[in-house]
Structures are given as C-alpha cells and as structure tokens.
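Make the complex out of the two chains shown on their own, each in a separate frame, by following the hints.
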Amino acid sequence: MTAKSPEIMVDLIKVSKTYPPRVHALVDVSLTVHAGEMLFLTGMSGAGKTTLLRLLCRGETPDKGLVEVAGQDLDRLSGSGLQQLRRRIGMAYQDFKLLPRHTVAENIALAMEVAYRKRSFIRKRTRELLEKLRLADKYATPAGELSRGEQQRISIARALANMPDLVLADEPTGNLDRETTALVMDLFREHEERGATIIIATHDRELFSDGSHRVIELTAGQLRSPEEPGRTGEQSLHNEEASQ
Amino acid sequence: MNFLRAIVGQTLRNLRQTWSSQLVTLLTISLSVLIFSFFFLVYINVLNAGRQLGDNLRLIVYLDEEPSKPLQEEYRQKILKFDRVEKIEFVSSQQAYERFRKQLGHDQDVLEGMPRDFLPPSIEVYPIRSLSSLTRIKRFSDYLQTLPGVLKVQYGREWIDRFYSFVKLMRVVVILSGMLLILTTTFMVAHTIRLTLCSRERELELLRLLGASNHYIRAPFFLEGALQGLAGSVCGLVALYVFFDWIRLRFAGSAMLNLFPFTFFPVPVILAIVAASTLLCASGSFSSTRRILRL
Ligand SMILES: Nc1ncnc2c1ncn2[C@@H]1O[C@H](COP(=O)(O)OP(=O)(O)OP(=O)(O)O)[C@@H](O)[C@H]1O
Ligand SMILES: [Mg+2]
Chain A
46 MTAKSPEIMV DLIKVSKTYP PRVHALVDVS LTVHAGEMLF LTGMSGAGKT
96 TLLRLLCRGE TPDKGLVEVA GQDLDRLSGS GLQQLRRRIG MAYQDFKLLP
146 RHTVAENIAL AMEVAYRKRS FIRKRTRELL EKLRLADKYA TPAGELSRGE
196 QQRISIARAL ANMPDLVLAD EPTGNLDRET TALVMDLFRE HEERGATIII
246 ATHDRELFSD GSHRVIELTA GQLRSPEEPG RTGEQSLHNE EASQ
Chain B
418 MNFLRAIVGQ TLRNLRQTWS SQLVTLLTIS LSVLIFSFFF LVYINVLNAG
468 RQLGDNLRLI VYLDEEPSKP LQEEYRQKIL KFDRVEKIEF VSSQQAYERF
518 RKQLGHDQDV LEGMPRDFLP PSIEVYPIRS LSSLTRIKRF SDYLQTLPGV
568 LKVQYGREWI DRFYSFVKLM RVVVILSGML LILTTTFMVA HTIRLTLCSR
618 ERELELLRLL GASNHYIRAP FFLEGALQGL AGSVCGLVAL YVFFDWIRLR
668 FAGSAMLNLF PFTFFPVPVI LAIVAASTLL CASGSFSSTR RILRL
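These protein sequences, in sequence, are chains A and B. Everything in the first sequence is counted per our numbering, starting at 46 for the first residue and increasing by one. Everything in the second sequence is counted per our numbering, starting at 418 for the first residue and increasing by one.
Same shape as in the complex, but just chain B (with noise of 0.2 angstroms):
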C-alpha cells in the first residue's frame, strides 16, 4: 500500500516535470493507433463484406448432357476429393427453364416457341464461405473445367479475384502498420523515458544512495509507460470513432454502406488494442530504464 502510494506519487510528479515531451510522446501513440486501427477497421469491414458476398457465391459447372443418377455421384465424389463444399445442387435443363421462366415474370412471352431443354443442365457449387477456399476458387473452377463432360465453368471470376487481391493487399497494410505502431510506440516510449532519465539523473542517484529498491526506482517508469499506452490507444480508438461516425452520417443512406453494413470494432477487439499497447508501451519503458538504470 505504502509502496503502491510512493509509485504513483513519482509518476504524477515524473508527469507533471515532462509533460510537454509526454504530450509529443502520447500524440504519436494516438497517431499510430489511429493509423494501425484505421487500416483494421477497413480490413475488418472488407471481411465482413467478403463474407456476405460469399453467401451468393456459387459456381456454376454446365454440363453437355444430362448426368445419370451414377454420375451424378461420380461428379460429387470428384468435386469433393478437391475440396470440402457447403453444398451441391444438380440443376436439371428442365428445372434451369422453370427458374427461367419465373424470373422472366411478366416477360414470360418471350419463352414462346423454345424447345423446354434449350438450357444445358448444371451443377452448382456452394464453396464453404472461409477466406481460405475463396482465396482457392480460381484453381477450384480451373479444376472443375477438367472433369469429363464440363462444358463451361462459371462465377464471378473478374470481380472476386479483384476483391481478394484487395483483401491479400489489406492484410498486407494492416501487417505493416501494425509494425510501424510497434516500432513508433516503443521508440517514442523508450526516447521518453531517457529523456526523463536523463533530467532525473540526479535524482535517481540520491534515491540510490537513499537504499531505493530497484522496484522502487523502476515501477514509477514502467507505469509512465503503461499510461503513456493507455492514454495513447484510447484517444486513438476514440478518434476513430469519431471519424468513423462522421462517415457513417456522411454517407448514411448511400448504396455502398447499404449494402455492406459498415460496423465498428467489437468491444473485445477494443480491449485487446488497448491492453496490448499499454502492455508494449509499459515493456518498452521497462527496458529502457534496465539498460540505462544498469540493473
């Protein structure tokens, strides 16, 4: 209790001593969890919007004839040996002209006079809505093309390799930032706390002389750090938030965020970004006071 009273009475006045370069040093935490959460966020929501694309994905494998009972199982046996599906629909010609005809509607007419199997029968294939077999349909369809009898494989292949090239180059930002918010958190972190070593010097000398345990000396830096990570990710995340709500009016009511619903990070996801900057924040400056400390 005593020592807790002694730690947090040295870290306000630390604080209070240092605190323009704590304000440069808070400032660029803030600016690189906003950076690092702003291009997760983006990441996240490309995701979910992928998900949900991915529910009306299907392809579609038209067949020159239509398959036997036997081949139709010999086609299911070979469509899974390359991959577990969510589903597999065989597609007569006769039900393709029903589905046809009920989406003509009204324009149902122009039907007139066609022979009912004009519509080669087909297998539609349902992949599992995982990033990992979407990422794989190309070679899926590529596969698919090879099997006896396939006349035409079909999916919205421009459109789908295009979203998951963006979704590979997302991954690829959100990596990047993230390293970068390691590195600038730490590096800021560390250049403060010396900064603050050096200025304590003095100091810190006398506390040794005074019997200071290393604890003592040591827990008021590794809690700057850990406020320094608090403050630093919670004023990032909230002016992410704020920013992502300006959006959200902005473009309330527009096709794309009608379509894909643009959503914010789950608290867990909140709470994680926190703890895990505090927690680097706080290591960093632990480390810092080590080497220069010479514990």
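In isolation and in its complexed conformation, chain A is listed as follows (with noise of 0.2 angstroms):
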C-alpha cells in the first residue's frame, strides 16, 4: 500500500464528469474525508450524488481531476490492485443491484465470497446482520420476492459484510420507515465506531439533524458547504481522528 497519507481515506480534487451530451454531473468538486469519519452527502434529485459515489468505486471514471482512495490514484490503479481496493469498499446502491433470483443469504455472501472468506465466517456474519435488519426470517427467500424496504436493508447487509473500510451508501433509507430507518442507521454508526469510514448520499434531513457528523451539500454538481445549523466543521473531524 502506498498510502500517501493513511489518516485520509478520501480525496477528490478538481473532479468533474459530464454525461452525453451536456449533462455536468459533477464540476470541480473537491472533497477530502478522513477514515474514521461519517460524511452526510445531500442535494437535490440530480445534483450527482451517485455519480460521486459510484467515482469513488470506480463504477465510473471522471473526466478531469484526481480521485484518491485509501491513498491509491483510481485513475492508475487497474487488475488486482482494483479489485484488492474495491473489497474493502462496501457501496449500498441506490437501485439495489441485488440478485433477485439468488436468495437473501447468497446475495449478502457475495461480498464475503469474493474476499475468499471462511465459509463459517460468511454463515455467521449473514446470520448476524440479517439478526440486526431483523429480515432473519428472509434468510433463504429469493432476492426479487421482497418489498423494496426488505431488498434495500439487504444491500445495505451486503455493503457493509466483509467489514469494508470504506463503506458508501446511496440513500440508504429511501424505502424505510422510521423505526427501521433508526436500526440501519444504529448499524451504520456500529461500523463507524470499528473505525470504517461512511459516507451516506441522502435527502432525508433527520440522519443528520443531529449535528454530530459532517454534511456536505452537492447543487447542480457542485459542492458548497450548507449553512444549515448542526454542520460541524474540520474542527469535529480532527477530534474524531483523535479518538481513533
């Protein structure tokens, strides 16, 4: 690993990327995110949300600026040093991407099965947080056969299975009432106290209303920080860092 600054798990500089024909998904954000750190990403429908995360993951390249991951230059990294980055990404999509004719179990095993985990490894951890999305009744149900609240909690199981570093997650109470809201929420902040670092794209004001974490605004592909009370500065963050 040739991690230019371990602390910083994220770096965008100058990014843009633009759609055919004309359409500036992203113009020269820049963001740095700390590991360790839980960043609220919001904006309004189309402002590139998911076209930052999906940067992030490499499911797109950008057309200027640099994106870094864990210290590594996405644009330069191909092959195994990829996939080796993308194993410890955990990404819950916006539109799922679950499998529907693979069950509930097999789906979340995916993310365990490609980073070659143990077998019993991947049964216990499937259990586990199948346990905590309260879906263990699902646990052998075709993917497709679900509500889209059910489907949406078991990408969020599958983001967030191999332990990733870096976990992503594309609106992900979109489908959820408040009560369940509050238990993906509770399993989110469980991964940022193991240390991973979280960024969460959503237009649902009340995950962040608390002022603990960052939020960060995208308008029309650009980034500016909200003036909205309860946004915590770079102050928060160097005490966050220090607490790890």
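None of the hints are false.
The following label-pair restraints were derived from C-beta to C-beta distances:
| id | chain 1 | residue 1 | chain 2 | residue 2 | range |
| --- | --- | --- | --- | --- | --- |
| 1 | A | 163 | B | 655 | 34 to 44 angstroms |
| 2 | B | 433 | A | 108 | 39 to 49 angstroms |
| 3 | B | 440 | A | 63 | 47 to 57 angstroms |
Source of the hints: derived by calculation from the structure; they are not laboratory data. Small disclaimer: the values here were computed from a predicted structure and weren't measured. Where is the CB? At the ideal position from N, CA and C, for every residue including glycine.
Laid out in structure tokens, this is it:
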C-alpha cells in the first residue's frame, strides 16, 4: 500500500464528470474525507450524489481531476490492485443491484465470497446482519420476492458484510420507515465505531439533524458547504481522528 | 480452500440455472466423442487385423534356376538394398516338392510319376510387419521382379492393396471426425458459455464492482467447460462400449469375429480421449470468457 497519508480515506481534487450529451453531473468537486469519519452527502435529485459515490468505487471514471481512495489514485489502478481496493469498499446502491434469483443469504455472501472469506465466517456474519436488520426469517428467500424496503436493507447488509474500510451508502433509507431507519443508522454507527469511513448520500435531513456529523451539499454538481445549523466543521473532524 | 469452495459453488449454480442449454451441449459433445471414437475404434481394429495378416504375409519370388550359394548371397544383398526385411528364406525345388507333398496328405499319389523338380525354386521374403513397409509391398514386388533370373513375384496382391487403401481411407475418416470433434466441442462449449455469460451479465458486472478477482470470475467457466468435456466424453465412450458389446454379442461365433479379435480401446487410450476432450472444452470456455470479459 502506497498510502500517502493514511488518515485520509477519500481525496477528490477538482473532479468533473460530464455525461453525454452535456450533462454536467459534477463540476470541479474537491473533497477530503478522513478515515473513520461519517459524512452526509445531500442535495437535490440529480445533483450528482450517486455520480460522486460511483466515482469512489470506480463504477465511473472522472473526465477531469484526481480521485484517491485509501491513498491510491483510482485512475492508475487496475487489475488486481483495483479488485483488492474494491473488496475494502462496501457500496449500497440506490438501485440495490441485488441478484433477484439468488437467495437473500447468497446475495449477502457474495461480498464475502469474492474476498475468499471462510464459510463459517460468511454464515455467521450473514445471520448476524439479518438479525440486526430484522430479516432473519428471509434467509433463504429469493431476493426478487422481497419488498422494496427489505431489498434495500439486504443491499445495505451486503455493503457492510465484508467489514469494509469505506462504506458508501446511496440513499440507504429511501424506502424505510422511521423505526427501520433507526436500525440501519445504528448499524452504520456500529461500523463507524469500528473505524470505518462512511459516506451516506441522502435527502432525509432527519438522518443528520442531530448535528454530530459533517454534512456537505451538492448543488447541480457543485459542492458547497450548507449554511445549516448543526453543520460541524473541520474541528469536530479532528476530534474524531484523535479518538481513533 | 475457500477459493475452491466458492468456485465450485458458483459453477454448480451456473449449471443449475442454464441446465437446458448445458444438456444440449453435453449431448453434442457426447455425440461427437461417440462418432470420433467409433471410427477410431474401427481403425485400431483394422490395424490390428492388418498386423495379424502381416504375420502370414510373404513375397514369393520364383526363380528360373536353382541359385548357387554365392548367387543366394547376391540376391540377399539386393533384396536388403530395397528394404529391411524380417526374414529371407531360400526354397529349393526339392524343398518345394516336399512341402507340396505334405500339404497334399492322403492325395500324395497324384504326384506319382512327376519329376521331383517340377516346382521352380523360390525365395520367400517376409517383410517387416509395420504398416509403412506393408504399404510399400507393391513397389517391393515390382523391384523384385527386376532382379535377374526372376520368373514371377507372388503375394496376395489384390487383397492387400484393397486392404491398405481401406486403412488409408479409415485414417482420413478418423482425422476428419477428430476435427469435427474439436470443432463441435469448442463451438458448442463457447456457445453455451456465451449464453451463460449473457444470462449472468448483471451478476458478472456486480462481481466486478464487489472486487472479485479475474480468477474468481473465470474459474467457474473453466470448471464448467471441463465438466462438460469430462461428462460428454464419458457418456460418448460409454455409449460406444454399449454398442460395441451389442455387436460382439450379436455376431458372437461369426466367422469374421473369430478371424479377427475385435477389441475395445485399452485403458490408456480411453484416458487419453477423456483427458483430451476435457482439456479441449475447458480451454474453449476459458478462451471465450477472455474475449467476452475483455480481460
Ligand atoms: N449514466 C448516465 N448517463 C447519462 N446521464 C447520467 C447518468 N447517470 C447520471 N446522469 C445524470 O447526471 C446527473 C446527476 O445524476 P446522479 O444520479 O448523480 O444524481 P443524484 O444526486 O444521485 O440524484 P437522486 O437523488 O435522484 O438519486 C443527472 O442529471 C443525471 O441525469
Ligand atoms: Mg442518486
């Protein structure tokens, strides 16, 4: 690992992404996320939240700018280097990306299988996650037969299954009620305590209304720090870092 | 270990999900193996039969007069100049008479009053029992004909010529069916793999996003191809054996089978056929994933 600065997990420098024909999804976005930080990414629909998250796991490549994750320049990463990095990233996609004909357990296990985890670990971890998300009874159900909210929780479970260093959650609570949202947020917090870096893209202001985490807002592909109350600056960030 | 488990699990899942096209492929491979190994079996048995015939095969060179010892030596040199041979035997007219008398057995009396040297002396040439020397037998005979003092050269000409043109034809058929086998198996395997790839496109995309290694993605396809080749060749060979056994029972005691023992492939050949088709299918599927996964 060629970590330039180990405490920086995500570093974006003047990143732009334009989709054909002329959709400027991201414009000159610069962002630094420190290891162990939980960060909320908000903004209107179409502001570029998903695009930003996809850049971080190289589901998309930027037109301009530098994207560094865990000290590695994604543009120069390929082959096994990229594969190994991706195993350290857990992404819960907005469209879930579940395999509808595979069972819930198989869907979750996939993230651990590609990392060659032990069978026993996979089984234990899958049960544990389903337990925490109150889906234990769906263990052997094909994912395609679940409700939207259930599918959403499965995609979150898969993102967290392999104990990733970086969690990218795209609208993780869009289909969930208040109570279930709390379950999911508890799970994220658990991973935050474990030391994982967590970036959550969301419209749901309630998720970050307690003001304990940094919030950034995308507006038409441009980053600007929202003048919201409860926004915590670099100060709290360094406190968190120190606590690790 | 974990890797292997994951791969095997993935392969089984693949097979389960596309079982109908897998079945078609399996059938095609079995059939190709059956066709190829059928011709190959016939070819091998024909060769065996040829070798057995070769045991009794000799060229008889009739001479106009009894060769003296130095002349015998000269003949020997000249014969050896053309080709190595198994054995050269000089038969004087006296010996020929004795032999003939013995062959006649009880009917010896027909020889009564015949001069003892009415049969010409001859040289019996036993060619080496290899296919290449046997196929040259006609040219050998032509050569012997040109030696001085030779009246006539005799061998089962018609029969041997026909036999060896048959062997040559069989060889072409075996090679063609072998090529057919290679073409159909690689094509069919590549085809089913492509189907699997298409039906699993989303899944493969997801695997890549999850950080699956190339081996993790490709090994199941390799294994799938290998299994296809293994199962297909075993099925084909079993079918051939059943057919072979049926023929043997059906024609048990018939003159043809008594003359030439009809045998199945020896174990090493069976293993070689199975190994070759397994390898063929595995590499076929492996290379088709390379193209499609753009690795
Ligand atoms: N694959 C694509 N091809 C073309 N345009 C795209 C593509 N993906 C996103 N866009 C466009 O880029 C812009 C940003 O999209 P993005 O999905 O990042 O928004 P978002 O903030 O995630 O929105 P939402 O909150 O609705 O999920 C949008 O205008 C969208 O239409
Ligand atoms: Mg989005």
